[in-house]
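Read top to bottom, the protein sequences are chains D and Y.
No gaps in the numbering here: position 87 of the first sequence is 190 in the working numbering, and each next residue is one more.
No gaps in the numbering here: position 214 of the second sequence is 373 in the working numbering, and each next residue is one more.
Treat the hints with care, as some may be off.
[What the hints assert, rightly or not] Pair ranges (Cβ atoms, derived):
#, chain 1, residue 1, chain 2, residue 2, range
1, Y, 260, D, 142, 33 to 41 Å
2, D, 173, Y, 230, 54 to 62 Å
3, Y, 434, D, 195, 25 to 33 Å
4, D, 246, Y, 431, 36 to 44 Å
For the record, the hints were derived by calculation from the structure and aren't laboratory data.
Backbone N, C-alpha and C fix where the C-beta goes; we use that ideal spot for every residue, glycine too.
Below, each chain spelled out in residue letters.
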Amino acid sequence: MRPKIRVDHLSFYYGDKQALFDISMEIRERQITALIGPSGCGKSTFLRCLNRMNDTIPGTRLEGRVLLDGQDVYAPGTDVVDLRRRVGMVFQRPNPFPQSIFDNVAFGPRVLGLCRGRDELEEVVERSLRDVRLWDEVKDNLKQDALSLSLGQQQRLCIARVIAVQPEVILMDEPCSALDPIVTLGIEELMKRLREQYTIVIVTHNMQQAARVSDWTGFFWLGRLVEMGPTGDVFTRPQQKLTEDYITGRAG
Amino acid sequence: MNRRYLVQRVGFALLGLAALLVVVPILLVVGTIIARGAAAVNWEFLTAMPRDGMKAGGILPAIVGTLLLTLGTALAAIPVGVGGAIYLAEYARDTWLTRLIRLAIINLAGIPSVVYGLFGLGLFVLFLQFGTSILAGSLTLAIMTLPVIISTAEEALRAVPTEFRTVILSLGGTRWQAVRYVVLPQAMPGIITGVILGLLRAAGETAPILFTVAAFYLPRLPRSPFDPTMALPYHLYVISTQVPGMPEEIKYGTALVLLALVLSMNVVATLIRSYYRRRREW
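Please take these sequences and the hints and turn them into a complete structure.
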């Protein structure tokens, strides 16, 4: 299977401090790739390199290449806005806008000018909410304030908001860390369904979660990618001593 | 009783007294002005021209003048002030230029209002030849109001969580779209409050309009922005100090009208703020 994203010798610096060291990996299309590792190991920084969200932090520097469908997203002349539409992002804390449920999902299509007319916009909103299995819960209250939803519903709404701009890749930065275990399982089910259409990269420090949902797992340690492979292999037959120690709880 | 509790009780009593003392002057000022001025305020007082060397008739031109000056100040100060605040809060990086701008704003806020008056006289009235006019007065008041508007608006913009901006960028939106569709609406109550408080101060100022617009006695309404006009604060100053034999209740009546105008703007600002605050949940 061809890689959706290929990362070549990526290094990343916050000012003088190097946060990522020479990372290369392939992210397969329509698969879930989990990035695990202790806090501060660079997995979130790495994730944010994929849609150039680190651009907004002054004083950062990047070496290497990130290829999306073979195109270097850091090449001069890249349309960052279009890149971010194609590579969407879900954050740690559910963060709907303080607006109605409808407006939240419609936000992306509106600012990007994706829809012609109200009917098309309503269609996109409904489809996105159906995709995250939120439609039946909110269809009668689309004008309701998004902040009145439960946290789990809010996080699904945020995923719907990303889906509404029809991305190809969805990056998830610890999307369940603010949610309780039951709600977390619901989001994981959702991710498995979304895999049929989207390439998903999830950062998590919950190893069980990585084992449950992902097809591929990469283990980060102090800014380096220690090991990457099919999730089953990484968890049952790790190649590196460090990976084994982390997974079995002896390091980290 | 335990000695510690006694100390606490006495302490809180003293602190409460201190807090109460703040209320006393306000009640005294408002009370005195209402008691002595209310009799003078009637329909004629609010709608007629002054007569008999301002000792009779109404204060209409001063009311209209103050309203026009406030409007002119708003027209000049709001776009510049809010625009500058958006730039500083959303776009500006920490460079020598932005540091210079911030320094300028802080210093602008510290300048005594009479200096603004002289500055307005020099720049707008004489150099730009606007003459003693509503235009010159409004611009002078606007410059004086800018620091208040910029700093409160910038604060309101910064209070909007960064997360929203990040989310919008991650959806493929631009920084401007983040400002336009989420940050600005969220910051609006704070901005409006700041604007009204700034305008409030402008409406009540005497010194900046002294040389730039205010007419001593001009019993007609202004016809263009280039006309001078009477204004409430200056009129109050004039009738209190420059006109011998001025009836007391006209002075207090004028003060009452000015106070009512300013306080009602204050109430509006408070209402707007509390209305939006109830709707905000983050």
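Verification of the supplied hints:
1. With their beta carbons about 38 Å apart, residue 260/Y and residue 142/D fall inside the hinted range of 33 to 41 Å.
2. Distance hint check for residue 173/D and residue 230/Y: the Cβ-Cβ separation is about 60 Å, which falls inside the suggested range of 54 to 62 Å.
3. In this structure the hint that residue 434/Y and residue 195/D lie 25 to 33 Å apart at CB holds, the actual value being about 32 Å.
4. Checked against the given bound of 36 to 44 Å, the beta carbons of residue 246/D and residue 431/Y, roughly 23 Å apart, lie outside it.
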